[in-house]
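*Asks:* Chain by chain, the residues:
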Amino acid sequence: MIAQMLRVTEKEALTPLVTRFRFEHPDGAPLPLFSGGAHVVVEMPYGDMLRRNAYSLISAPDDGSGYEIAVRREDNGRGGSRFMHGNVATGDLMAVTSPFNLFSLDLRARKHVLIAGGIGITPFLSQLHQLSRMQVPFELHYAARSREEAAGLTFLPSLPHIHLHISNEGNRMDLGAILSGQPLGTHVYTCGPEGLIAAVEDAARRHGWPAAALHSEAFLSPPPGKPFKVTLARSGQTLTVGPHQSLLEALEAARIDIPWSCRGGACGQCETAVTSCKGRIEHNDHWLSDDDCAAQTKIMPCVSRFEGQELIIDR
Amino acid sequence: MTIQFNDETFRDDYTFFNSPVAIARFPFPFDKDDYMYSVNMEPHETGPEGTPFDVRFDVDEHYVSEMRDRAITLDEDPLRCQSLPHMELAGWDLLELIMVSKAADYPDLFTLNRDGDRWHWINKPLGIEQRFTFGDPTTLPYGPMEYITRQAQGDFAVLDQREDNLWMDAGMVTSQADWSLDFDIGMNFFEWHAPVPKAHEMGVFQRALKFLMHVNQDTPARRLNWTMTVNPRLDTSPENYHKWGPEKRTITPENVGQKQYLRVELQTFWRLPRSNALAFPIRCYLINLEDLTSVPKWGRRLHRVLRDLPDELADYKGFAVNRPVIVEYLSKFDDGAPTSAGIYPDETDVALNKVPARV
Ligand code: HEM
Ligand code: FES
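Protein chains in written order, with the numbering used here: chain A, 1 to 315; chain B, 1 to 359.
Note that these hints are calculated values from the structure, not bench results. Be careful, since some hints might not be right.
[Unchecked claim] Derived list of chain B stretches under chain A, where covered just means 3 residues or more per stretch with a C-beta under 8 angstroms from a C-beta of chain A:
{"no.": "1", "region": "41 to 54"}
{"no.": "2", "region": "158 to 164"}
{"no.": "3", "region": "272 to 282"}
Where is the CB? At the ideal position from N, CA and C, for every residue including glycine.
Based on the provided sequences and hints, a complete structural model is requested.
*Replies:* Structure follows, in structure tokens:
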């Protein structure tokens, strides 16, 4: 994916944990437009390695004057979000890819129901712009622990079809109530913790929703884990993947080019054949089928890890 | 140099012709002496100057007459252009892509002025001037996809991307190699490719779909496809098979050089920004065997490719009945000499640098 250097023109704390960044072209040139739900990948020179993290765009899809993202600081994460919060200042130049969408609206829908948990509000912020412009019916349900933590609040207009569910105010989300009584042809989109996505799927199944009307994006970042070794079948080279590094990042550090787009186990681009596996692959992706996972003959290097004696991959 | 547009027909009296420039820049599809289906996509990056790969949307000497032929086909059969309701946004995306590209690549032929949503488009070859509001279909005489594809050579399929698949939910199809938009509308990638032999078993479509789903705005791609057509006819549709099917029987050893055409499709793939749809323009180029064999490398190679092509492919492409006559004709141009790699003519054949640049 091609990245261009953009200037950080705004950095604003939305909550104690979430910060908004705005990027613009250094010469003021317009940036490519995008569709609601798209993300960009931001490159961070982090220590002696390059970290690339995907962030949903929160700005208006038809506004090419800049891209905006909201980054939640994950203190137990691998450091990418800490870098954004701690090391990036306005005026910096950063490499940002063009937008790519793995969570687009189904434009056939008669109505769109958007369900966000926590930082999972981000892809919906660009979708809200698109939906308002298209003037199609929608409703948004946004669950957060407290108002202080609800980074999306700043961006949400107060409209009757935008619902807040703040759990420390005793206002929890009732999925059954949300999903029942929606008109035929409604599509539902969920973004947030895995538990929320599973709960929506479960409730939807109980209410007889067709699977094609359900869409979700799990906010997956490569989980840290124990270091492990991997051997590359084509060169015979053996690499060590560090505890806060993904296999994809370790390959890139060794200058092995492999295709990617989401870096979060969702798009399938980085799929790699496993030629020998003595041990257990920790499949953290949403791409491979259960059979593929059980067979241990494929791995998604952007998120998955390994524990055992020998892992040889076809790279 | 500006383009001299031919006044020609693609039906009835078939006055279509290729000038020497059009022959020299023809997108010959074979890079080696044999052919089998493959996942033959490559980045749609600029190719050698003057070739059809030089710009995003090639405009050539056939432009004006091709657009006239499209209008006739649409008059007779409006269902050649369809767009399901959810594809209107993709139609605007496509209109923008084509207008912006044409105006940038052919500034002497096309002009686009934009002031916010108020657009002003001038198409000199077709004598069109239009002021309209981007996003407001009431300000155009047709829907956005139909409006712009009546002014752009080649067929267009516009695919919605959802459920890990592509869906043929809109298109403008008047110059197709025997397939029907009205039949395929609403189908997904595997459904509309079902009639193709061999390629499914080879895993071509699985891999091709995966590739297409990841075509991004800044990474357009292309591939070449080909078939054989009797007479320079654009509309070889199933709907009108009764008109062109019988013409296959008119081929004789005497007329095959003039009446038998190699039909090449330059297919490109574009991610559309606002709708996340995929645009799939299929640009058709025709050349008869007589003109084609004026380039010695192409004559030798086409002979070998058609002679050795698996029967299933000749059947599917619809020229099995004329294959013996075609191969016999071409054999006269094949002296058995080795051919160079790649699709372009050899230096000694036609110097490509003699193809005048168009801008
Ligand atoms: C999304 C874009 C595409 C569209 C809309 C499309 C559409 C079609 C259609 C309508 C046909 C005719 C099928 C019939 O007989 O009814 C066809 C044939 C075929 N397509 Fe595609 N196609 C697309 C992309 C691709 C790609 C990427 C490949 C890559 C390998 C491919 C390979 C083929 C082949 C090999 C045939 C048979 C052609 C022949 O032998 O003349 N297509 N396609
Ligand atoms: S990069 Fe998308 S699944 Fe690995």
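*Asks:* Compare the structure with each hint and give your call.
*Replies:* Checked hints:
1. Judged by the Cβ-Cβ criterion of 8 angstroms, the region 41 to 54 of chain B is not covered by chain A as claimed, because only 0 of its residues qualify and three are needed.
2. Coverage of the region 158 to 164 of chain B by chain A holds [criterion: at least 3 residues with CB-CB distance below 8 angstroms; count 4].
3. Beta-carbon proximity to chain A at under 8 angstroms applies to 4 residues in the region 272 to 282 of chain B; the threshold of 3 is reached and the given coverage holds.
Checked against the numbered hints above, the structure breaks only hint 1 and satisfies the rest.
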